[in-house]
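Asks: Listed below are the residues making up each chain.
There are 2 protein chains.
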Amino acid sequence: MTARYDLGNREGLPKYQYLHRCIRSDIRNGVLAAGSRLPAKRSLAAELEVSVSTIEHAYSLLVSEGYLEANPGSGFVVCPGKAEGTAFFDLGDVSIPEHTLHGKLLDFKANRCSLELFPLDAWSRLMRQVLSERDPAMLETVPFNGLYELRKAIAFHLYESKGIRVSPSRIIVGAGTEYLYGKLLQLLGDQRIIAIEDPGYKKFADVSRSYRTYWDYIPLDKQGLSVEALMKSRADVVHVSPANHFPTGVIMSSGRRRELLSWLSGKPDRYIIEDDYDSEIRYGGRAPAPLVTQDETQRVIYLNTFSKTLVPSLRIAYMVLPEALMDLYRNQLSFYSCTVSSFEQSTLAKFISEGYFERHINRLRRHYKHQRQLVLDALGQSKLALISEVFGGEVGTHFILKIATNCSDKEVKRLAAEKGVSLDMLSDYCVHPSAKSSHCVVVNFASIPTDHISVAIDLLEIIFQREILAHQHD
Amino acid sequence: MTARYDLGNREGLPKYQYLHRCIRSDIRNGVLAAGSRLPAKRSLAAELEVSVSTIEHAYSLLVSEGYLEANPGSGFVVCPGKAEGTAFFDLGDVSIPEHTLHGKLLDFKANRCSLELFPLDAWSRLMRQVLSERDPAMLETVPFNGLYELRKAIAFHLYESKGIRVSPSRIIVGAGTEYLYGKLLQLLGDQRIIAIEDPGYKKFADVSRSYRTYWDYIPLDKQGLSVEALMKSRADVVHVSPANHFPTGVIMSSGRRRELLSWLSGKPDRYIIEDDYDSEIRYGGRAPAPLVTQDETQRVIYLNTFSKTLVPSLRIAYMVLPEALMDLYRNQLSFYSCTVSSFEQSTLAKFISEGYFERHINRLRRHYKHQRQLVLDALGQSKLALISEVFGGEVGTHFILKIATNCSDKEVKRLAAEKGVSLDMLSDYCVHPSAKSSHCVVVNFASIPTDHISVAIDLLEIIFQREILAHQHD
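The listed protein sequences correspond, in order, to chains A and B.
Heads up: take any position in the first sequence, counting from 1, add 14, and you land on the working numbering.
Heads up: take any position in the second sequence, counting from 1, add 14, and you land on the working numbering.
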């Protein structure tokens with residue numbers, strides 16, 4: 015355990031404070047599991063060559079914060095519950111004020127900005143209103159597919175913002191995309207094979223596995239998912255994000271969309287699951303019409319979520335089913351109660367129908383656009399510009415930074431980790447990594463606080479200093 | 015459609031009002047589907063032998079309430095969304111002030127009282143507090159098994175109120191029992207056969223089917239689930255509600271509990287799912303210790319929900335997994351995000367840890383106890399006492415009223431429906447109905463507003479007037 019705690023490398027922090035931070039990080043990310051016992055103070059002091067009081071000081075800080083428990087007899091034990099939630103979200107020993115940087119420095123998953131931008135005031139006011147109205151409907155069992163008011167508001171939003179015409183009765187509200195995707199797998203039946211993009215959002219494979227549904231991985235190119243590969247596969251259902259592929263940022267070309275729709279009509283029982291998870295965050299140009307609006311076969315299933323536009327912890331997503339599938343759902347799965355609280359459904363319905371949602375999206379868009387520009391400018395002005403190229407980033411909050419390096423992605427990650435930086439690489443999202451998917455850093459610019467952009471770029475420069483030097487010497 | 019609208023039987027209501035109510039009821043319970051066209055005013059007027067203005071009046075009321083839409087050319091069409099949610103919850107043409115009686119007269123599912131008793135003020139205040147604290151943790155991704163604060167509060171509650179000792183790290187919070195039960199089925203794997211009580215809560219079979227998991231039905235007797243039948247079955251996992259079987263109200267005897275636990279230890283890979291859904295609502299005596307507290311094999315899974323003690327539409331339930339299963343869950347299913355909103359988890363955590371929950375349960379208990387007594391007294395004083403017997407009702411909000419009748423349950427339900435009353439019969443919950451399960455009305459006394467108890471009893475007397483008369487003539 016203590017091999018990591020290199021007190022020589024503590025960047026000016028007092029020893030006890032550095033040690034406190036190291037141990038806390040190990041607890042948070044699960045290296046030290048709940049219930050495990052820490053070394054006795056004396057032996058750790060001897061091992062690290064520090065005074066016992068340094069250890070004492072660090073341990074007692076951790077006790078006061080609830081990370082450790084002092085058990086008479088058995089010493090200091092890790093408390094339960096402290097690892098979870100912060101696991102995989104730790105910067106380790108980078109000397110950046112830690113209250114501002116909990117997550118990976120360049121981490122797609124942490125939606126830092128949306129946290130600060132969440133319209134808590136409006137939300138609180140509407141929630142208060144919902145609660146004070148004491149509408150009996152709020153306490154009665156919600157329809158299986160969600161409160162009518164919310165579905166109506168979503169239908170209105172879909173029409174206004176994306177030109178999707180849909181009756182509220184075809185919308186199903188659920189606790190997150192994963193939940194709805196699971197219900198879809200149950201609905202489509204166990205004889206299906208799902209096509210999943212590679213690289214892509216790995217959770218769809220995880221969910222499919224947990225529902226014992228088979229899947230094939232389908233590669234993509236600059237135009238989006240390879241329909242050629244899809245046709246060669248066994249799949250009869252395909253999950254795609256044409257508006258913004260994760261994590262490459264590829265927007266499906268109109269030619270490819272046509273190809274995909276003609277694949278759909280090629281056989282009678284094929285389906286497309288169109289996952290439109292962050293298409294609202296678009297910085298310019300006209301958004302291509304969602305596939306669902308061009309679907310003449312009535313076999314495109316449209317999925318979207320409020321995780322990216324509001325906050326992930328609300329757990330509200332929805333899907334739009336074609337009429338026939340909706341009938342099937344009603345027959346087979348409507349015994350499942352709606353998984354979203356009626357209070358929050360009603361609050362969200364008001365939030366959308368009273369115009370807050372649209373204003374909020376506009377605000378998000380402006381904020382992220384500015385943020386993206388700052389990061390791109392800083393990159394352009396840094397020496398990284400010599401050895402890198404940016405792909406994607408027209409929609410959503412991430413782009414790809416392709417680095418000219420000979421280092422393997424594994425090696426790059428190791429080097430970064432040495433500097434205390436967790437890098438997400440495109441190959442992390444690939445099941446079958448290729449030369450094309452190598453050397454690509456996935457940058458979630460929403461996760462970098464504005465005042466830490468230059469630190470982040472500096473760290474990247476340090477990580478790739480060999481490449482920069484080599485380039486300068488060429 | 016109009017065959018039902020017997021204007022001769024409108025119990026003093028003006029014709030237009032009676033008609034308005036009939037049509038609305040048909041829309042609500044789905045007899046008139048969204049999009050279907052109503053008869054032209056003239057033809058309906060002719061058919062019912064009323065004036066056109068009566069029809070006009072009824073239709074325009076329905077338009078103003080959003081049930082109908084007047085489409086130029088195509089007449090009056092049923093609006094979408096009005097059927098859902100209220101389906102199966104309609105009293106039809108019983109002349110009871112309808113704003114107080116939306117549900118079935120004697121319906122287990124409608125938790126009417128809990129609606130009125132829901133502590134909206136305290137809940138609103140705590141929710142406001144949570145929202146105004148702007149705790150970043152509220153907006154970050156919640157741990158897969160729920161907010162630590164909530165799990166800690168639940169662990170404390172389980173220990174204080176039921177003597178269940180459990181670490182918060184073994185608790186998983188999810189959006190309702192059905193959701194958690196589904197996750198359990200995924201966790202236990204597809205080679206399992208689940209034992210489900212017959213009669214019992216039908217949804218468990220529905221959920222099992224949707225997860226393609228096989229199940230066997232196991233009968234029960236007065237001591238609870240038949241362990242003898244369980245041993246003869248193929249099942250290696252059993253779902254039971256020993257604290258209060260639904261809908262019979264049987265409390266599992268201590269002997270049967272011992273038998274069941276010894277079945278559990280009979281083979282190494284057996285599990286009990288102990289569903290403790292409404293055990294908090296107990297009117298007297300000492301509650302038997304939950305099975306999970308006597309589980310030496312670490313193979314009892316404990317499930318509970320806040321649907322019965324707070325309100326169903328909140329969608330918050332939890333399960334306690336044995337250590338080994340929790341490890342398995344962490345490995346295989348923790349990629350699933352927690353399905354409950356962080357705001358509501360935090361509000362509930364405060365609600366429990368600040369003592370509101372305990373006080374609320376005490377209040378519920380007093381209220382339901384009083385309500386139960388009123389219903390039992392009214393029954394005892396009515397002529398129904400001559401031909402009926404009460405079973406169950408020591409826990410929860412329902413009991414069984416066994417009627418001495420020769421009518422089949424189907425016939426009884428038809429007779430009741432003629433009076434506009436939807437009766438729940440025990441046989442409705444049986445897959446294999448027996449003589450024992452016949453002639454038993456499931457009475458959810460929580461669903462009868464206090465000032466309608468006598469009306470409800472009167473209606474039951476009318477339904478069973480033949481039996482009462484026969485008894486009096488004997």
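Careful, some of the hints might be misleading.
Treat identical chains as interchangeable: a pair holds within one or across any two.
[Claimed, not checked] With a straight-line Cα cutoff of 30 Å, these simulated DSSO-like cross-link-like pairs (lysine-lysine) come out:
no., residue 1, residue 2
1, Lys-55, Lys-166
2, Lys-216, Lys-433
3, Lys-55, Lys-397
4, Lys-281, Lys-433
5, Lys-322, Lys-166
6, Lys-166, Lys-176
7, Lys-217, Lys-281
8, Lys-397, Lys-281
9, Lys-450, Lys-29
10, Lys-397, Lys-246
11, Lys-246, Lys-166
12, Lys-383, Lys-246
No lab work stands behind these hints, which were simulated from the structure alone.
Predicted model, so just to flag it, every value in this text is computed and none were measured.
Asks: For each hint, tell me whether it holds in the structure or not.
Replies: Each hint tested on the structure:
1. For the homomeric pair Lys-55 and Lys-166, the shortest alpha-carbon distance between copies (29 Å) is at most 30 Å, but the shortest distance inside one copy (62 Å) is not.
2. Taking CA atoms no more than 30 Å apart as the test, Lys-216 paired with Lys-433 passes inside one copy only; the shortest distance there is 27 Å, against 56 Å between copies.
3. For the identical chains of this complex, Lys-55 and Lys-397 are neighbours neither inside a copy (45 Å) nor across copies (78 Å), given an alpha-carbon limit of 30 Å.
4. For a Cα distance limit of 30 Å, the shortest separation of Lys-281 from Lys-433 qualifies neither inside one copy, at 53 Å, nor across copies, at 52 Å.
5. In this assembly of identical chains, Lys-322 and Lys-166 lie within 30 Å of each other by CA distance both inside one copy and across copies; the values are 21 Å within and 29 Å between.
6. For a Cα distance limit of 30 Å, the shortest separation of Lys-166 from Lys-176 inside one copy, 15 Å, qualifies, whereas the shortest one across copies, 43 Å, does not.
7. In this homomeric assembly, Lys-217 and Lys-281 come within 30 Å of each other (Cα to Cα) only inside a single copy, at 27 Å, whereas the closest approach across copies is 35 Å.
8. In this assembly of identical chains, Lys-397 and Lys-281 lie within 30 Å of each other by CA distance neither inside one copy nor across copies; the values are 52 Å within and 66 Å between.
9. For the homomeric pair Lys-450 and Lys-29, neither the shortest alpha-carbon distance inside one copy (44 Å) nor that between copies (75 Å) is at most 30 Å.
10. In this assembly of identical chains, Lys-397 and Lys-246 lie within 30 Å of each other by CA distance neither inside one copy nor across copies; the values are 44 Å within and 74 Å between.
11. For the homomeric pair Lys-246 and Lys-166, neither the shortest alpha-carbon distance inside one copy (40 Å) nor that between copies (51 Å) is at most 30 Å.
12. Proximity of Lys-383 to Lys-246 under the C-alpha cut-off of 30 Å is found in neither arrangement, the shortest distances being 39 Å within a copy and 66 Å between copies.
Hints 3, 4, 8, 9, 10, 11, 12 from the list above are not met by this structure, while the remaining hints are.
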